[in-house]
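Engineer: If you want the building blocks of each chain, they are given just below.
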Amino acid sequence: MIAYIVRRILYAIPILIGVNILTFLLFFVVNSPDDMARMFLGQKHVTEEQIEDWKTERGYHHPLFYNTEEQGAEKFTKTIFYTKSVRLFVFDFGRSDSGRDISFDISQRMWPSLAIAVPQLLIGLLVTISLALLIAFFRGTYIDYWAVVICVALMSISGLFYIIGGQFIMGKILRVVPISGFEDGIFGIKFLVLPVLIGIVGGIGSSTRWYRTIFLEEINKDYVRTARAKGISEQMVLFKHVLRNAMIPILTGVVVILPLLFMGSLITESFFGIPGLGSYTIDAINRQDFSIVRSMVFLGAVLYIIGLLLTDISYTVVDPRVRLN
Amino acid sequence: MNSRSAILIIIFVAFLLNACSDGAWNNPYPSEGKGEGDTKNVIYSSFSERPKRLDPVSSYSSNEYQFIAQIYEPPLQYHYLLRPYTLVPLTASRLPEVRYFGENEVLVDEDALDSIKYSEYTIKIDQRIMFQPHPAFAKNVKGESVYLNLTVDELDDIHTLSDFEATGTRELTAEDYVYQIKRIASPYLHSPIAGVMREYIVGFDEFRKQASEKYPNPNGGWHDLRDIKLAGVSVVDRYTYRIRIKGKYPQLVYWMAMPFFAPMPWEAEKFYAQEGMEERNISLNWYPVGTGPYMLTENNPNLRMVMEKNPNFHDERYPSEGEPEDKANGLLKDAGRKLPLVDKAVYSLEKETIPYWSKFLQGYYDASGVSSDSFDQAIQFGSGGDVQLTDLMKEKGIQLETAVTTSILYMGFNMIDPVVGGDSEQSRLLRRAISIAVDYEEYISIFANGRGVAAQSPIPPGIFGNIEGEAGINPFVYDWKFNEPKRKDIAVAKQLMKEAGYANGIDPKTKKPLVLNFDTPSAGPDAKAQLNWMRKQYQKLGIQLVIRATDYNRFQEKMRNGTSQIFQWGWNADYPDPENFFFLLYGSNAKVEHHGENAANYSNPEFDRLFEKMKNIKNGPERLATIKEMTYIVQKDAPWLWGFHPKAFSLFHDWYQNVKPNLMANNLLKYKRVDGAARQAKREAWNKPNYWPLIFLGLFLLVSLIPAVIAFRKRERSTLK
Amino acid sequence: MFGKPVFLITDLLIFALVFVIIAFFIYAMRKPHLRAPWRQVVRSKAGVISIMVLLVYISIAILDSMHFHPKIENSSVEGEEQYNGEIQSVFDQIVAEIRNSTEKTYSAPFAAYLFAKETVQLEDGSKLREHPRLKWGGVHLDNPENEKSADILSLAVTGIVKAFIAWLVLVALLCLMLSLRTKNSLSTVVKNIVHGESDIPWRTIATTLAILLLVLLVGAEWATKYHVLGTDKVGEDVLYQALKSIRTGVVIGTLTTLLMLPFAITLGIMAGYFRGWIDDVIQYLYTTLNSIPGVLLIAAAVLMLNVYMGKHAEEFASLTQRADLRLLFLCLILGLTSWTGLCRLLRAETLKLREVDFVQAASAFGVGSTQTIFRHILPNMMHIVLITIVLDFSGLVLAEAVLSYINIGVDPTMNSWGNMINSARLEMAREPVVWWSLAASLFFMFTLVLFANLFADVVRDALDPRIAKQ
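Residue numbers (this note's numbering), protein chains in the order written: chain P, 1 to 325; chain U, 1001 to 1721; chain V, 2001 to 2470.
Derived by calculation from the structure, the hints in this document are not laboratory data.
Keep in mind it's a predicted model, so treat the numbers as computed, not measured.
Using N, Cα and C, we set each Cβ at its ideal position, and we do this for glycine too.
One should not assume that every hint holds.
DSS-like mimics (lysine-lysine), calculated; alpha carbons at most 30 Å apart, straight line [what the hints assert, rightly or not]: (1) V:Lys2352 <-> U:Lys1481; (2) V:Lys2071 <-> U:Lys1511; (3) U:Lys1512 <-> V:Lys2117; (4) U:Lys1536 <-> V:Lys2352; (5) U:Lys1214 <-> P:Lys55; (6) V:Lys2071 <-> P:Lys221; (7) V:Lys2117 <-> U:Lys1488; (8) P:Lys78 <-> U:Lys1209; (9) U:Lys1536 <-> V:Lys2135; (10) V:Lys2004 <-> U:Lys1540; (11) V:Lys2004 <-> U:Lys1511; (12) V:Lys2352 <-> U:Lys1540; (13) V:Lys2104 <-> U:Lys1486; (14) U:Lys1540 <-> V:Lys2071; (15) V:Lys2117 <-> U:Lys1486; (16) U:Lys1511 <-> P:Lys55; (17) V:Lys2071 <-> U:Lys1536; (18) P:Lys240 <-> V:Lys2225; (19) V:Lys2004 <-> V:Lys2071; (20) P:Lys55 <-> U:Lys1229.
Here chain P is said to cover these stretches of chain U; the calculated rule only asks that three of the stretch's residues, wherever they fall, bring their Cβ under 8 Å from a Cβ of chain P [unchecked claim]: (21) 1181-1195; (22) 1345-1358; (23) 1500-1512; (24) 1682-1693; (25) 1707-1715.
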């Protein structure tokens, strides 16, 4: 087990290198240092000289991967890739193109994102799993049929519509919560209600339907029938056997979302003015702040790998039949 | 069971909400409990994009000026009420004295344009103006600076600027102004106006060279610029300094009303350059130090920025003279009162228009612009086409101010393109035909809700050289009819196309419809409709318009390389002078050849000659005549479709007072006044929570549990069987 | 003919897809074990209803995929016909009337007047503020206030009559065909259908057909005289936009999944089955791709495409071709970000299946790995693949809207529900609310996704070996 974990951690290194090279290439094709300089220096009265100066100052004047003008190891270290990407591996994100310390910003903006994402995930899971169990209990009846139809209907509505509709009804007509904004601490709860609610409602359709499918699959297995034949009550069957065995695919699904919790939701955060990492990323894309985007991609990758490791470990915990080696 | 938990959550949340604020539930400013924050002398406003930096040497966009113009004070400012825009002293005791020198330092007359070699501006500032309290000025009892020689260890407990306990202040001197001009010239601060200033300020390049020799490393700590000599800028005495420029450049005074020329104390630069400061994001870009009416006390650009009154602010009074109608509009009620009138201003980040607009209507923002989509809700046109507020707005006591902005949104032809550009008669006729076909009046009414004025020439209304009425119309595109300009009929344009050899839009070379490329950086929900509309306009002439929408970087690259054909761009006035618009068409400013701002790459020797003359003479009949001549030339050549001048509509609540649009000045916050008690009363009346539907929903869910429970029981029994 | 045909890349892919489906259909008809589950599909009511609705959508998408340069009338130069540079589709020709019926700006559904008041200049130069009449919608009425409802009703009646006649003809043909095939008398056939006593639910089919014909023909009747769903900001008919968006939705939903399926299935099963270094390599591949947040990857890719298109602008003769390339690219990149999810699921499932007795037994008996995979693993995976396809189909159609919000979706000039919703989100802030664009796009999208899901449910029930056992 421990050997497996160590192996997985070692194995994360090439992945991060891959991620790094890929994002570096992608964003450099799109956004050359010249573009960044112009973006930063503004639009009016910018001279070529200023752009050169800016590039030199921020280390963008080196070649991308291989510096022919230098000797020895400096052939590789005096390049944009080395100076900008390699330091990420020790979590030194450096400064953004507008001069702010990225680690500092990330450490500050992480909390609002989590404040939205964690309750959304937990309450969402609670609600959808119980709904799905309930529907599974009524399988084959009209309740089941209509519940699925409603789920499908909820799924077919765009997430943007939920946000617009939610702000329209809760904020504008009912005036129960502020339409947007954020505040630290206990007073912040009233700002979180609407985005969390919208997040849950938006996800109810697809998750419930998905979990129902998983439960039904489990219910049709022989061991469940045996258990039922033994006279165990239906609730017990559902809770003890079905729920427990269905946790494997559910966990797989949840862990895939885990990295996104930290990264925040791009759309929700910008609609509700929440200063989390999601809006940080969107802003960075819009203002083409390459350093921030790269840091966020790297962070996302690290979190994702941690998530994968956790899934695999949880497999063994939930289902002893799966062996790790 | 699920609905039960949902109800529990709703009840819990409702309880919490009720517990923590007894005012309106939806108040987005919760930490200031009832009564206190709302009746206070505070302005609530918003910003849509976090400012990139707040350093007067590099800030150049309106979202940055929104803050720094309240904090930093250049020597001059625009008068708040007077029109046309008039420069008045701010920290200066009077307007700069200008002397002109010819050969051998001989004084010459200002009209002797040919013999002027240098101009010299002498600026005298007021005494006893103090900087805002700031740790950089803090001194101990011995008179030594407390925080200017910190070690990294001493910064351990410091996270924001307010963690420094001691603060101090200092008197503003001429030295601070000179220091800032040196900062403009600094090779590492990237002032956007360095390129313009190096053309004029004497010794600019030498200074730059010396500075980069003395400080070869751009990042290594503080670059003390005090000892390096900038020949053209000198301190005369403690309160007087002098700027010497090459030739004549009357527009310099306008720059002196912009934050670029605001004072910068060297202590601040030294303070922020200390090791460990940048890692904590404590830098001049985020914590400005000025003499202005406000200081930035909370800077969280991800959420809100708060400015509070500077306790050391010098004695400035609300203007007592204005335009004739200002008195009737109540704009002179505060005449002679000490500025600023408001103690605090809270700016919240608001990116989306819907929440922004809703909060304005709920009374949580004091003023608002009008977006195209909230337009119908706010504004209607009266029977004579005049602008009025809708009843909904009137009911709330909301007021409206409108002003034609000093900017232009134009569509340019790339004049070095073989098809649409060039000086040939064929291309000129083609351009003129297109000028008629693209119906900007329709554009304004569809996409800007009528908030704009179709442009007749590059000069917007309100700027010297703009001519109103029949004499001012573009005779190649408009006729004067019913006392207003009327766009010529499309048949005229078709005739022009025929004369140009493109009958029915068929290109004689390919025998196919003429295909033109249109470059635009626009994207977003509205872009599709706009681009479709644009295509339709060209289709009227049989021209096929290919739209090449890209991101802004690519668009700029195309402009620099001159590979575009037709493009859309805009210009915002830096200062109220026709030079600032005509220079966009000046041959020596051509984008491709000279990297200037002339994106159309237009070049006409006669126009250029007149431009050089016009730029150096005073506003008067001679200047007007020259401008008329120049206008005719560009109208005839049609390098741009003149597009339109947007009109700014702003709405504000009746508790928000002293509102007069001033498009040149940025330091307007100090004039504003609010009636906090009136605001509090209205906010409470408008925001009564409407929670009954939620309680009904809860009850409905409870009731619907009953059949569910029955079904559950039944099902349980049936499966047991 | 209409003009000179043009084949866009997505057109070709769609035709290829249609060809594959038809080929599979013919092949499956001959193999009883493949035919059986599909038989079950057409025997379920939900199955036939959704097939019929989807067929309507797909036919529109296919018609809209036949592109050409229209001929310019009377323009032949030296005997050579001249073609317009613009690209149109056969579908555009069919609905040419509403396509060309643009107004100035917003008008409500069935309106005869513009939605907002405008200043109208009279002949004498004086100005008046009023709701102007539309240029096209309801223009045949002299006095819209009084005549409109009666006119709408009479058009509806005409439509109903047409629909009824068409329905009668079709149903009569059907009965005739059935009686010839089953060698039963015509009256027996009719009786069976009416009583719902047939294997295939013909009664349901006939009812659905009636409803579809009614909607289509009454709608068509109205659309010749009015803007049934109003007009948008630039006066373009919303119904036309919603119909044109069908192709975009269908292309994104189908091509994306199809492009990613081969990778996901092959790699997923290989990783789970062979484990060892193969597993490592495949995991490396998808983990690397998957760890880049999808939106950022899409953003970078779409921006890159923009750069490419900006630099090679001359290669794209028309906006349509540019938009098409962007659509294809979006499908590719969405496929690239979504295959990893399925791949992971399949790998996990394979890992689980591998431990199951019958697979272990198979390998103990020395059955080859290829055979094991195709015999035991793949069939036990098909339900996961199908569920993913369904979830993805709706998910992709919806994702398009979100991507449009950050300007990295389909080309802004392309008709799509995403672009429609995106513009409509600003319209919701208007007062009175302009709801028809949002409603139309939501309704059309909703119908497609709903019936696709229902169809998939039926298919799943039919195909899943574990469900089929019962």
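Engineer: Decide, hint by hint, whether the structure agrees.
Structural biologist: Hints, verified against the model:
Only pairs whose Cα atoms come within 30 Å are accepted, and Lys2352 (chain V) paired with Lys1481 (chain U) is rejected, the gap being roughly 83 Å. Pair hint Lys2071 (chain V) plus Lys1511 (chain U) holds up; C-alpha atoms about 14 Å apart against a cutoff of 30 Å. Under the criterion of a C-alpha separation no larger than 30 Å, the hint pairing Lys1512 (chain U) with Lys2117 (chain V) is inconsistent with the structure, at around 41 Å. Distance check on the hinted pair: Lys1536 (chain U) and Lys2352 (chain V) sit about 60 Å apart at the alpha-carbon level, beyond 30 Å; violated.
For a cut-off of 30 Å, the pair hint linking Lys1214 (chain U) to Lys55 (chain P) stands: about 20 Å separates their Cα positions. Distance hint between Lys2071 (chain V) and Lys221 (chain P) is unfulfilled; the C-alpha atoms sit about 63 Å from each other, more than 30 Å. For a cut-off of 30 Å, the pair hint linking Lys2117 (chain V) to Lys1488 (chain U) stands: about 24 Å separates their Cα positions. Note on Lys78 (chain P) and Lys1209 (chain U): the hinted pairing holds, with a Cα-Cα distance of about 26 Å set against a maximum of 30 Å.
Among the hinted pairs, Lys1536 (chain U) with Lys2135 (chain V) is consistent with the structure: their alpha-carbon atoms are about 16 Å apart, no more than 30 Å. A hinted pair counts as satisfied when its Cα atoms are at most 30 Å apart, and Lys2004 (chain V) with Lys1540 (chain U) qualifies at roughly 23 Å. For the hint pairing Lys2004 (chain V) with Lys1511 (chain U), the CA-to-CA distance comes to about 17 Å; that is within 30 Å, so the pair holds. A hinted pair counts as satisfied when its Cα atoms are at most 30 Å apart, and Lys2352 (chain V) with Lys1540 (chain U) does not qualify at roughly 66 Å.
Proximity of Lys2104 (chain V) to Lys1486 (chain U) is assessed by CA-CA distance (about 19 Å); at most 30 Å being required, the pair is judged to hold. For the proposed pair Lys1540 (chain U) and Lys2071 (chain V), the alpha carbon gap of about 18 Å is at most 30 Å, so the pair holds. The straight-line distance between the Cα atoms of Lys2117 (chain V) and Lys1486 (chain U) is roughly 21 Å, inside the 30 Å bound, and the hint therefore holds. Note on Lys1511 (chain U) and Lys55 (chain P): the hinted pairing is violated, with a Cα-Cα distance of about 49 Å set against a maximum of 30 Å.
This hinted pair checks out: Lys2071 (chain V) and Lys1536 (chain U) have alpha carbons roughly 19 Å apart, not beyond 30 Å. Taking the CA atoms of Lys240 (chain P) and Lys2225 (chain V), the gap is near 63 Å; set against the 30 Å cutoff, the hint is violated. Note on Lys2004 (chain V) and Lys2071 (chain V): the hinted pairing holds, with a Cα-Cα distance of about 7 Å set against a maximum of 30 Å. A distance of roughly 27 Å separates the Cα atoms of Lys55 (chain P) and Lys1229 (chain U); the hinted pair therefore holds under the 30 Å criterion.
Remark: the segment 1181-1195 of chain U is confirmed as covered by chain P, as 7 of its residues place a Cβ nearer than 8 Å to a Cβ of that chain, reaching the required three. Only residues whose C-beta sits within less than 8 Å of a C-beta in chain P count toward coverage, and the segment 1345-1358 of chain U has 8 of them, enough to reach three; the restraint holds. Residues of the segment 1500-1512 of chain U lying with their CB closer than 8 Å to a CB of chain P number 0, which falls below the three-residue condition for coverage. Coverage of the segment 1682-1693 of chain U by chain P holds. Counting CB-CB distances below 8 Å, 6 residues qualify, and the rule asks for three or more.
Requiring three or more residues with a Cβ within less than 8 Å of a Cβ of chain P, the coverage given for the segment 1707-1715 of chain U holds, as 3 such residues are present.
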